[in-house]
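2 protein chains.
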Amino acid sequence: MKKYTIKDIAKLAGVSKGTVDRVIHKRGKVSQTALDKVTKLLEEIDYQPNLIARSLKNSKNYHICVIQPDPEIDPYWQPCTKGVDEAINEYKSFGITIDSYYFNHAETHSFLEVNEEVLKQSPDAVLITPVFHKESIEVIKKYNAKNVIVSTINDPLELNGITSYVGQDLIQSGRIAASLMEMIAPKNQEILIIHLDEVFNNSIHMQLKEKGFKNYLKNLSNSNYNLKTYSLQQSDLDEKLHDLLNNPNNVSGIFVTTSKVYSVAKIVQDFPDLDIKIIGYDLLDENIKYLKNNAIDFLINQNPKHQSYLCITQLAEYFLFDKKIPKQKLLPIDIVNSENFDGYTND
Amino acid sequence: MKKYTIKDIAKLAGVSKGTVDRVIHKRGKVSQTALDKVTKLLEEIDYQPNLIARSLKNSKNYHICVIQPDPEIDPYWQPCTKGVDEAINEYKSFGITIDSYYFNHAETHSFLEVNEEVLKQSPDAVLITPVFHKESIEVIKKYNAKNVIVSTINDPLELNGITSYVGQDLIQSGRIAASLMEMIAPKNQEILIIHLDEVFNNSIHMQLKEKGFKNYLKNLSNSNYNLKTYSLQQSDLDEKLHDLLNNPNNVSGIFVTTSKVYSVAKIVQDFPDLDIKIIGYDLLDENIKYLKNNAIDFLINQNPKHQSYLCITQLAEYFLFDKKIPKQKLLPIDIVNSENFDGYTND
DNA sequence: ATCATTTATGTGTTCGAGCACATTTTTTTG
DNA sequence: CAAAAAAATGTGCTCGAACACATAAATGAT
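From first to last, the protein sequence lines stand for chains V and D.
Counted the way the numbering used here counts, the first sequence spans residues 3 to 349.
Counted the way the numbering used here counts, the second sequence spans residues 3 to 349.
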């Protein structure tokens with residue numbers, strides 16, 4: 003029950019706290035006798051250093067920079083900002099400063115510029131969203147050279163030099179979408195996979211999701227869907243989809259691999275005679291609207307807010323209390339429908 | 003960027019740190035002049051006290067007692083224990099001691115006995131699962147009289163004197179089950195609602211879930227299910243259900259309001275000709291097994307592990323850093339199928 | 001104006017760990 | 001065996017906030 007301190011142990015072992023300290027931190031300069039005695043006591047007592055005291059002694063001001071796509075340009079990133087803001091608020095009283103930097107999700111040079119700026123600051127850690135595969139590897143190497151800790155969210159990236167990745171298993175994510183589609187879309191008909199992004203995107207997000215989706219449906223024994231994939235820009239979508247649905251077809255479901263699913267739902271609403279199930283990603287207000295009126299059947303929540311918040315929490319607790327950071331943390335993949343979205347938006 | 007300390011402010015204001023301290027804590031004995039000067043500075047600088055230092059100064063050993071049903075008797079409570087163990091581990095280095103007490107979920111007197119024992123200990127806080135409505139109110143009053151903070155999980159309880167409730171919206175939980183059932187169970191047929199508990203249970207859990215379930219289905223315009231409710235003990239289930247399904251019927255779905263859904267799935271498996279959708283609660287190993295082979299279609303995750311962990315976290319951060327505890331925290335209600343259960347069990 | 005009281009202000013210690021530096025003990029060497 | 005070098009041990013300050021206690025200034029009473 004009683005909490006032992008270094009002083010207690012020193013007294014019990016008949017040595018000074020300096021010696022105990024040297025044993026604990028293995029800094030040598032301790033006689034075998036003293037070492038044995040203290041080590042034994044530490045074991046017996048199961049000594050736990052007071053992390054609050056330790057943290058106070060080691061107190062520095064830590065600086066974390068967050069680099070993410072501009073939420074004004076793509077609302078998917080808004081919750082991410084929210085998570086960061088919460089973390090800022092939570093850790094400001096612990097001497098941890100967090101700065102946000104936004105780049106334009108459509109332009110690689112914007113990403114590079116922002117990173118240059120951050121590099122100049124030499125922060126203790128950066129949290130980046132490596133949406134641009136090639137460029138990200140490039141800048142991460144620069145951070146490594148300057149001994150800046152690199153944490154990532156959202157986009158998986160196989161690379162040494164990344165301390166932490168918080169995100170989701172994207173292939174599994176596609177499989178989940180497929181399993182839901184199978185439950186609700188009439189069998190043996192056509193299913194569209196639509197990659198939709200209003201901006202250029204060289205990430206592997208969509209490919210992995212498609213892979214998982216197809217993989218699941220391929221292995222079904224009791225049903226057989228006809229899959230068609232379309233990679234579209236927002237601007238082309240309207241014409242293409244109207245074209246498709248105006249002609250005779252047997253589409254029973256559409257899987258949209260991004261958060262822009264609302265724009266698909268909007269168009270499909272123009273065809274009330276067709277019964278097309280729609281599954282897409284993320285709890286944008288616009289998506290929730292269509293979820294509520296059942297134009298969208300399921301959304302899969304990628305939980306960007308939790309991703310960013312958790313990632314910063316890991317860094318903060320590492321700095322403050324030396325807590326180990328797991329190399330990878332895969333968040334649960336939430337299935338969201340018109341009845342349970344509330345719990346994921348209200349927190 | 004620079005972090006201001008009390009000393010800094012004292013120097014800037016031309017007073018001693020004692021005076022600054024008195025202003026911050028409104029302990030009086032400060033002249034109007036000094037008060038104004040210091041207050042102004044605190045505002046300007048947006049002074050944030052170093053919570054680590056404050057915590058060290060105020061360091062006490064805090065004691066939390068957890069009172070929950072014995073996980074050996076009902077495996078639903080196993081994750082709850084896991085969450086507690088994680089919290090124990092996490093906070094032991096911060097001078098927070100957590101003790102677990104188990105009672106027999108079938109016997110109110112066991113619950114009362116355990117609480118008497120805990121009362122004797124006079125802990126700083128208790129975390130209880132108020133499964134017995136009447137008895138819980140009774141013991142909570144006793145804790146209040148001794149100024150022991152009371153946190154609750156799992157079962158909502160309208161009562162002053164409860165500092166925190168972490169759980170779910172159970173009516174909504176029922177609605178979610180219904181919305182899923184509607185998506186997968188053929189329309190205009192019969193749906194069974196089964197309350198199933200191997201032990202006596204005077205909680206309101208099942209009633210609220212049933213209410214939500216019915217409420218959702220009642221308001222449907224395009225489908226009409228015939229609902230039948232059964233309150234069964236595990237021992238009666240076998241005979242009753244066989245009886246039902248052996249005779250001509252048009253059951254298209256079963257909603258089990260507890261984690262014992264596996265025993266229903268097991269029986270339904272004996273009728274391979276019937277296509278009956280099953281929805282129930284919680285990620286017990288046994289349930290996952292049936293989820294994987296599609297005998298169970300959906301599980302709703304009540305996340306007992308997160309409930310207990312979060313609840314203790316709230317208390318710990320209150321003790322250590324004076325963080326406010328929200329009166330109520332409703333966790334998201336996770337929809338789980340054969341593809342996404344992994345993310346909810348592996349953490 | 002003087003002393004007593006009240007009120008205001010400042011000083012110094014504590015919390016527990018970490019580390020620099022001072023001091024003591026042991027070992028080595030000429 | 002003494003002096004020098006090396007190894008072991010102990011002491012004391014620091015981190016920032018909190019608070020008890022000491023001291024100083026301002027007010028009141030005679």
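By construction, these hints were calculated from the structure, which means they are not laboratory data.
Accuracy of the hints is not assured; some may be wrong.
Because identical chains share one entry, a pair is satisfied inside a single copy or across any pair of copies.
Distance condition first, Cα-Cα at most 25 Å in a straight line; then the derived SDA-like pairs of lysine to any residue [said to hold, decoys possible]:
(1) K39 with N60
(2) K31 with T347
(3) K148 with G163
(4) K28 with H244
(5) K294 with T165
(6) K42 with D238
(7) K230 with Q191
(8) K5 with S181
(9) K84 with D349
(10) K331 with L312
(11) K136 with V116
(12) K325 with H244
(13) K84 with L53
(14) K5 with N63
(15) K5 with K84
(16) K62 with E288
(17) K4 with Y103
(18) K94 with I327
(19) K62 with I26
(20) K325 with L312
(21) K94 with I8
(22) K84 with D48
(23) K19 with L276
(24) K136 with Q235
(25) K94 with L312
Results of checking the hints against the structure:
1. Taking CA atoms no more than 25 Å apart as the test, K39 paired with N60 passes in neither setting, with 28 Å inside one copy and 32 Å between copies.
2. Proximity of K31 to T347 under the C-alpha cut-off of 25 Å is found in neither arrangement, the shortest distances being 57 Å within a copy and 47 Å between copies.
3. In the homo-oligomer, the alpha carbons of K148 and G163 lie at most 25 Å apart inside one protomer (11 Å), although the nearest pairing across protomers, at 53 Å, exceeds that limit.
4. Within a single copy, K28 and H244 get their C-alpha atoms no closer than 71 Å, and across copies no closer than 68 Å, so neither meets the 25 Å cut-off.
5. Taking the shortest alpha-carbon separations for K294 and T165, neither the intra-copy value of 39 Å nor the inter-copy value of 34 Å comes in at or below 25 Å.
6. Proximity of K42 and D238 under a CA criterion of 25 Å is satisfied in neither setting, with 73 Å inside one chain copy and 58 Å between copies.
7. In the homo-oligomer, the alpha carbons of K230 and Q191 lie at most 25 Å apart inside one protomer (11 Å), although the nearest pairing across protomers, at 35 Å, exceeds that limit.
8. Proximity of K5 to S181 under the C-alpha cut-off of 25 Å is found in neither arrangement, the shortest distances being 52 Å within a copy and 52 Å between copies.
9. Taking CA atoms no more than 25 Å apart as the test, K84 paired with D349 passes in both settings, with 10 Å inside one copy and 24 Å between copies.
10. When the C-alpha separation of K331 and L312 is checked against a cutoff of 25 Å, the pair qualifies both within a copy, at 9 Å, and between copies, at 18 Å.
11. In this homomeric assembly, K136 and V116 come within 25 Å of each other (Cα to Cα) only inside a single copy, at 16 Å, whereas the closest approach across copies is 60 Å.
12. For a Cα distance limit of 25 Å, the shortest separation of K325 from H244 qualifies neither inside one copy, at 54 Å, nor across copies, at 54 Å.
13. When the C-alpha separation of K84 and L53 is checked against a cutoff of 25 Å, the pair qualifies only between copies, where the shortest distance is 23 Å, while the shortest distance within a copy is 29 Å.
14. When the C-alpha separation of K5 and N63 is checked against a cutoff of 25 Å, the pair qualifies only between copies, where the shortest distance is 8 Å, while the shortest distance within a copy is 29 Å.
15. Taking CA atoms no more than 25 Å apart as the test, K5 paired with K84 passes between copies only; the shortest distance there is 24 Å, against 39 Å inside one copy.
16. Taking the closest pair of Cα atoms, K62 and E288 never come within 25 Å of each other, the shortest separation being 43 Å inside a single copy and 49 Å across copies.
17. In this assembly of identical chains, the alpha carbons of K4 and Y103 lie at most 25 Å apart only when taken from different copies (20 Å versus 47 Å within one copy).
18. For the homomeric pair K94 and I327, the shortest alpha-carbon distances inside one copy (20 Å) and between copies (19 Å) are both at most 25 Å.
19. For the homomeric pair K62 and I26, the shortest alpha-carbon distances inside one copy (22 Å) and between copies (23 Å) are both at most 25 Å.
20. Proximity of K325 and L312 under a CA criterion of 25 Å is satisfied in both settings, with 13 Å inside one chain copy and 18 Å between copies.
21. With identical chains, the CA atoms of K94 and I8 are at most 25 Å apart between copies only, with a shortest distance of 16 Å across copies and 30 Å within one.
22. Taking the closest pair of Cα atoms, K84 and D48 come within 25 Å of each other only across two copies (21 Å); inside a single copy the shortest separation is 40 Å, beyond that limit.
23. In this assembly of identical chains, the alpha carbons of K19 and L276 never lie at most 25 Å apart, being 78 Å within a copy and 74 Å across copies at closest.
24. Taking the shortest Cα distances, K136 and Q235 sit within 25 Å of each other inside one copy (22 Å), while across copies they are farther apart (60 Å).
25. Taking identical chains as interchangeable, the C-alpha atoms of K94 and L312 lie at most 25 Å apart whether they share a chain (16 Å) or sit on different chains (22 Å).
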